[in-house]
Structures are given as structure tokens and as C-alpha cells.
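Asker: Below are the chains, spelled out letter by letter.
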Amino acid sequence: MMQDAAMVEMEKVSKWFGAFRALKDVDLVVRRGEKYVVCGPSGSGKSTLIRLINRLETHDAGRVRVNGVDLDDDLRKVDAVRREVGMVFQSFNLFPHLTVLENLTLGPVWARNMPLHEANALAMQLLERVRIPEQAAKYPARLSGGQQQRVAIARALCMKPQLMLFDEPTSALDPEMIREVLDVMVELAHEGMTMIVVTHEMGFARTVADRIVFMDSGEIVESAPPGQFFSSPGTERARIFLSRVLGH
Amino acid sequence: MAAAPKKGSDPIFEWIRAKLFPSPLSSVATVLILYLAWQAIPPFIDWAFLDAIWRAPDSAACRAAAGACWVFVTEKYRFILFGTYPYEEHWRPALAIFLLITLWAASLAPMFWRRWLPLMWLAGLAAIGVLMWGGIGGLSYVENERWGGLVLTLLLTTFGIGGAFPLAVLLALARRSRMPVLQGLAVGFIELVRGVPLISLLFMASVMLPLFLPAGVSIDKLLRAQIALILFAAAYLAEVVRGGLQVVPRGQYEAADALGLSYWRKTVLVILPQALKIAIPPLVNSFIGLFKDTSLVLIIGLFDLLSTVKIVLTDPVWSGFGVEAYLFASLVYFVFCYAMSRYSQRLEWRLARAEGARPR
Numbered sequence: 001m002m003q004d005a006a007m008v009e010m011e012k013v014s015k016w017f018g019a020f021r022a023l024k025d026v027d028l029v030v031r032r033g034e035k036y037v038v039c040g041p042s043g044s045g046k047s048t049l050i051r052l053i054n055r056l057e058t059h060d061a062g063r064v065r066v067n068g069v070d071l072d073d074d075l076r077k078v079d080a081v082r083r084e085v086g087m088v089f090q091s092f093n094l095f096p097h098l099t100v101l102e103n104l105t106l107g108p109v110w111a112r113n114m115p116l117h118e119a120n121a122l123a124m125q126l127l128e129r130v131r132i133p134e135q136a137a138k139y140p141a142r143l144s145g146g147q148q149q150r151v152a153i154a155r156a157l158c159m160k161p162q163l164m165l166f167d168e169p170t171s172a173l174d175p176e177m178i179r180e181v182l183d184v185m186v187e188l189a190h191e192g193m194t195m196i197v198v199t200h201e202m203g204f205a206r207t208v209a210d211r212i213v214f215m216d217s218g219e220i221v222e223s224a225p226p227g228q229f230f231s232s233p234g235t236e237r238a239r240i241f242l243s244r245v246l247g248h
Numbered sequence: 249m250a251a252a253p254k255k256g257s258d259p260i261f262e263w264i265r266a267k268l269f270p271s272p273l274s275s276v277a278t279v280l281i282l283y284l285a286w287q288a289i290p291p292f293i294d295w296a297f298l299d300a301i302w303r304a305p306d307s308a309a310c311r312a313a314a315g316a317c318w319v320f321v322t323e324k325y326r327f328i329l330f331g332t333y334p335y336e337e338h339w340r341p342a343l344a345i346f347l348l349i350t351l352w353a354a355s356l357a358p359m360f361w362r363r364w365l366p367l368m369w370l371a372g373l374a375a376i377g378v379l380m381w382g383g384i385g386g387l388s389y390v391e392n393e394r395w396g397g398l399v400l401t402l403l404l405t406t407f408g409i410g411g412a413f414p415l416a417v418l419l420a421l422a423r424r425s426r427m428p429v430l431q432g433l434a435v436g437f438i439e440l441v442r443g444v445p446l447i448s449l450l451f452m453a454s455v456m457l458p459l460f461l462p463a464g465v466s467i468d469k470l471l472r473a474q475i476a477l478i479l480f481a482a483a484y485l486a487e488v489v490r491g492g493l494q495v496v497p498r499g500q501y502e503a504a505d506a507l508g509l510s511y512w513r514k515t516v517l518v519i520l521p522q523a524l525k526i527a528i529p530p531l532v533n534s535f536i537g538l539f540k541d542t543s544l545v546l547i548i549g550l551f552d553l554l555s556t557v558k559i560v561l562t563d564p565v566w567s568g569f570g571v572e573a574y575l576f577a578s579l580v581y582f583v584f585c586y587a588m589s590r591y592s593q594r595l596e597w598r599l600a601r602a603e604g605a606r607p608r
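Note that the protein sequences, when read in sequence, are chains A and B. Just so it is clear: in the first sequence, position 182 is 182 by my numbering, and no numbers are missing. Just so it is clear: in the second sequence, position 338 is 586 by my numbering, and no numbers are missing.
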């Protein structure tokens with residue numbers, strides 16, 4: 001397909017929470033197949049930025065174009081974009097009243113009208129891929145955090161998305177479980193998925209990212225390939241941030 | 249007498265000391281409660297069983313005895329349970345009660361939670377309608393003015409829950425809606441109905457509603473009472489459902505949104521199952537309340553279980569035995585309410601266990 005076509009385009013996007021300006025004139029273009037890592041201190045607007053892409057937040061000014069669709073209040077456009085964009089949350093947000101398998105098939109069956117047997121087959125295939133097929137019949141509460149997050153990734157993939165958003169996917173995990181989740185994400189990146197990942201995992205950023213976007217106070221301060229970003233950050237703010245994240 | 253044994257080797261003594269006399273204050277409470285029980289229970293047993301009259305040709309024997317006069321209840325229980333329904337046709341409401349209880353019992357067992365359950369209800373209610381009204385298949389016609397007693401209480405409750413619960417879910421969703429008109433209507437309805445006593449709603453339904461209807465149009469008295477009960481219960485249930493909706497974490501809405509689910513699919517598949525599960529205890533509480541509130545229909549001239557008791561008490565031959573009749577009615581109410589309460593506890597436990605969380 002159009003390998004160079006833009007998956008996400010943001011132009012002069014601003015967002016206010018009351019009087020607080022969470023995003024200031026943000027410009028960002030992510031092309032198909034690219035992997036972006038978004039980092040920055042807490043409160044810098046990283047989460048808000050990626051939540052605009054599937055319209056979990058609405059922007060107040062500027063333009064957000066995803067997969068060729070300009071996002072506005074039209075719910076049909078919003079749903080059309082959401083079906084193509086998978087999202088993984090910091091707190092997993094699995095549906096506790098459904099089994100792992102049902103968590104995966106809910107979207108394809110009810111938002112994509114996929115026949116159930118087809119959805120089940122796809123779901124099992126994805127559970128194999130995230131290496132927990134034996135948990136299919138269990139409820140999420142019985143799984144460890146790392147397993148739950150892998151189910152959440154599989155749930156998003158089950159919609160056959162063209163873009164995957166990760167909002168601090170390992171921040172709520174115990175240290176020994178971070179690896180298993182990152183491994184799945186690295187594999188996904190190698191398979192060519194377009195990804196935007198908000199994370200503090202700089203090792204992951206170094207190996208996977210095509211570009212690192214550094215944000216502070218609602219602005220994109222710096223956007224550079226990882227080699228350049230880690231060896232010679234262009235701003236003082238990025239230098240301070242890096243020394244804090246890498247220095248411990 | 250509250251002194252603990254010096255040697256605690258006997259497990260029974262140990263248990264008594266630990267559970268009944270752990271501290272001076274607890275010991276005083278234990279002794280006080282034992283004393284009150286000693287004062288109350290033996291006399292009650294004497295009255296209700298030992299000195300009670302179970303069989304007698306008339307009320308004279310009862311008046312001579314010191315105990316309860318159960319003859320009154322055995323004499324009048326059919327009127328209490330079936331009201332003014334024709335005496336020789338009492339098997340019809342009896343069968344209807346049996347059918348209704350069977351339907352409820354089946355609906356409560358998860359093994360019957362299938363697609364055909366609503367069909368079973370439709371068939372069951374149709375059969376109950378035929379039994380109660382008659383007029384076909386050789387059954388004589390009985391107008392619903394003559395229905396009464398337990399069957400009326402159960403029917404008012406069944407249709408009350410069946411009508412109020414879906415309405416309540418819609419009201420709760422509307423109240424949380426972002427559309428101001430919808431939200432305003434829901435808030436207005438809920439606050440208006442909650443702001444007046446059920447009695448005044450029943451009066452309005454029975455007295456005022458006909459005034460507003462065009463001449464020649466009349467709605468059956470039973471139906472009017474049923475509608476009033478549904479509206480009243482719906483307002484309360486809506487707040488219970490709203491409470492459940494508020495406890496569902498925002499992340500659940502966002503996860504469903506992120507999958508591109510439409511509003512109704514998100515609501516039915518993701519949000520309501522969780523919200524209603526959280527709301528089971530207060531929901532059942534409201535259902536039990538509704539079951540007992542049906543007794544208020546007596547003020548507009550319908551004869552539910554409690555009204556029939558009031559009527560039998562007006563019989564001069566048996567006047568003065570109100571305690572026995574009310575105890576009997578209370579027992580019937582208690583059996584149903586206790587069953588509902590036990591069921592809700594089991595359901596909560598079952599759902600919690602299935603999902604792997606500890607029951608609260």
C-alpha cells in the first residue's frame with residue numbers, strides 16, 4: 001500500500017483543560033510503518049497527544065487527520081477511525097466480566113461485524129502470538145499484570161488495526177513483567193506495524209523508534225532519530241530529562 | 249455467672265468465653281440479651297403452639313383459650329390468599345401462583361439463561377391470563393375486579409419489576425446523557441416521582457387520571473394501579489442503576505470507545521453488565537420494597553394479600569383475632585422476601601467467584 005502516506009497528521013493542534021493549556025500548537029506527521037516514541041516529564045501532554053488520535057480527547061484548535069479522515073464531532077468518522085486504530089492503556093482496561101477470549105472477540109464481532117467463529121480463530125492466533133493461548137478461558141482478574149497487558153495488546157490487534165497507540169503500557173507493571181510486554185511490542189514493530197508509544201523505556205526507544213518526540217509543557221520541544229536524540233539532545237530541557245531517566 | 253473458667257482446656261468453654269464473654273461490656277450485653285430472650289420466647293411458644301387452638305367448630309373455643317386461634321387462619325386462609333375470586337374456582341389462581349413462582353425460580357437459575365427464556369415467560373403469562381380471566385376452554389369468565397390476595401400481590405410485583413426495571417435503566421442512562429433535553433426530562437421525572445408518596449401517585453392514577461381522559465375512554469383500575477407502581481419503582485430503581493453506572497471505571501468506557509463500539513453496544517455489552525452487578529444488593533432491596541409496596545393498592549380498592557386480611561377481620565364472628573391473621577400474612581411476605589434476599593447473596597457470590605475476585 002501507500003508506504004509513504006501519512007497515517008497521522010496534526011497541524012497547530014491545541015487543547016485546553018479549563019484554563020490549563022495542555023497542548024500548544026502541536027505539529028506532527030507519522031507515516032505508515034513508522035514507529036514514534038513520545039517521551040517527556042509527567043504533565044507534558046504526551047497522553048493527551050495520543051488520546052487525540054482516536055478522539056478519547058477532543059482538540060480545541062487545529063486539525064487532526066488520521067488515516068485520511070479529519071476528526072470532528074461526526075461520530076461516524078470517529079468510529080471509522082477508532083476501528084483502524086488500536087489502543088493499549090497504562091491500566092490495561094480489560095473487561096472484567098468477559099473471559100480473555102471474549103475480550104478479544106468483542107470488538108471484531110460488534111464493531112466490525114466479523115462472524116464469531118472467524119473472530120475466535122483470529123483471537124486464538126493472536127493469543128499464541130502474545131504467548132498466552134492457555135489463558136483464553138480465564139477471566140482477566142486471574143492473570144498477572146504482564147499477562148493482562150499482553151491480552152490488551154492482543155485485543156487491540158484483533159481489530160486488525162493500521163495504527164497502534166500505546167499509552168505508557170509498562171508503567172503499571174512490576175519490573176519483572178515489563179520485559180515480556182516490551183518483547184511483544186518489539187516483535188510487533190519488526191512486523192511493520194505503525195506505532196506511537198508513550199513510554200519512559202529508553203532501551204525500547206533506542207532499539208525500535210524511527211523518531212523520538214520529546215515533549216514539555218504541552219509543546220513538542222524536540223523530534224529526532226534516537227541516535228541523535230540520545231547522543232546530542234538539542235535542548236537543555238531534553239538533556240535534563242535524559243539525565244533523569246537514564247541516570248538512575 | 250459471667251466469670252470465665254480458670255482452666256480453658258474444654259473447647260466448648262473456650263468458645264463460650266471467646267465469643268460470648270470476651271470483655272466485661274460484652275458479658276453484660278450477653279446476659280441482658282439472654283434475659284430478654286427468656287422473657288419473650290417461652291411465652292410466645294406457649295401462645296403460638298402449646299396453648300393454641302388448631303381445630304374447633306367455631307370461635308367460642310378460641311375465646312375461652314389463652315393461646316393463638318389458628319382456627320381463624322385455617323378457616324379464612326382461602327379468602328386471604330385468593331380474595332373475592334369465586335370460591336369453587338380457587339384452583340385457577342392457585343395454579344397461576346404456582347406457574348408464576350415456577351417462572352421466577354427458573355429465571356433465577358443460570359442454566360435457564362437462554363434465548364428462549366423470554367418466550368417461556370410470554371407463554372407462562374399467557375397461560376396465567378387464561379387461567380385468571382377464563383372465558384375460553386370451558387373456564388368461566390372472572391373479571392379482574394374480583395382478583396385478589398396473593399395472586400394479585402405477585403402479579404403486581406412481577407409486572408412492576410418487569411416494567412420498572414427497563415424503564416429505570418433508560419432513565420439512568422438518560423440522566424447521564426450529554427444531551428441536555430434528555431437529561432432534563434430524566435431528572436425531572438425522577439425527582440417528581442420520588443418527591444411524592446406512593447399513596448398520592450396511586451390516588452392520582454385512580455381518581456385524577458380518569459378526569460383527564462376523554463369521555464368514553466376508561467382504563468381498568470388494576471392497570472392504573474400497575475402503571476402507578478411501575479412509575480414509582482422506576483424512579484427509585486433509576487437512581488440505583490445510576491449508582492452502579494458511576495462506579496464503572498472511566499477506563500472501561502475508554503476501552504470500549506477505542507474499539508469503535510457504538511454507544512448502545514458499548515452500553516449493553518460492556519457498561520451495564522458491570523454496573524448492574526455492582527448494583528445487585530440495592531436492586532434486590534428495591535425489588536423487596538416494591539413487593540411490599542404493592543400492599544398500598546388497598547387504598548384504591550384493590551384486594552391484595554394485606555387487604556384481604558383486613559377484610560376477614562371485619563367478620564364479627566371472628567373479630568379480635570387480628571394478630572393471628574397478620575402473622576399469617578407476614579409469614580407469606582417473609583417467605584418471598586427472604587427468598588429474594590438469599591438469592592441475591594448467592595448471585596453476588598457466584599459472579600464474584602466466576603470472575604476470580606473475592607466476594608465482598
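Careful, some of the hints might be misleading.
[Claimed, not checked] Some, not all, of what chain B presents toward chain A, calculated at C-beta under 8 angstroms: (1) A313; (2) L507; (3) R513; (4) T515.
Treat the hints as calculated values from the structure; they're not laboratory data. Just so it is clear, the structure is predicted and the values come from calculations on it, not from any experiment. Glycine residues also receive a C-beta, built at the ideal position from the N, C-alpha and C atoms.
Asker: All hints, please: hold or fail.
Answerer: Checked hints:
For A313/B, the suggested interface contact is broken, since its CB lies about 58 angstroms from the closest CB of chain A, more than 8 angstroms. The interface hint given for L507/B is met, as the beta carbon of that residue sits about 4 angstroms from the closest beta carbon of chain A, less than 8 angstroms. The restraint placing R513/B at the interface with chain A holds, with a minimum CB-CB distance near 5 angstroms, inside the 8 angstroms limit. Interface hint status for T515/B: violated, as the beta-carbon distance to the closest one in chain A is roughly 12 angstroms, over 8 angstroms.
Hint check: violations occur at hints 1, 4; the rest are consistent with the structure.
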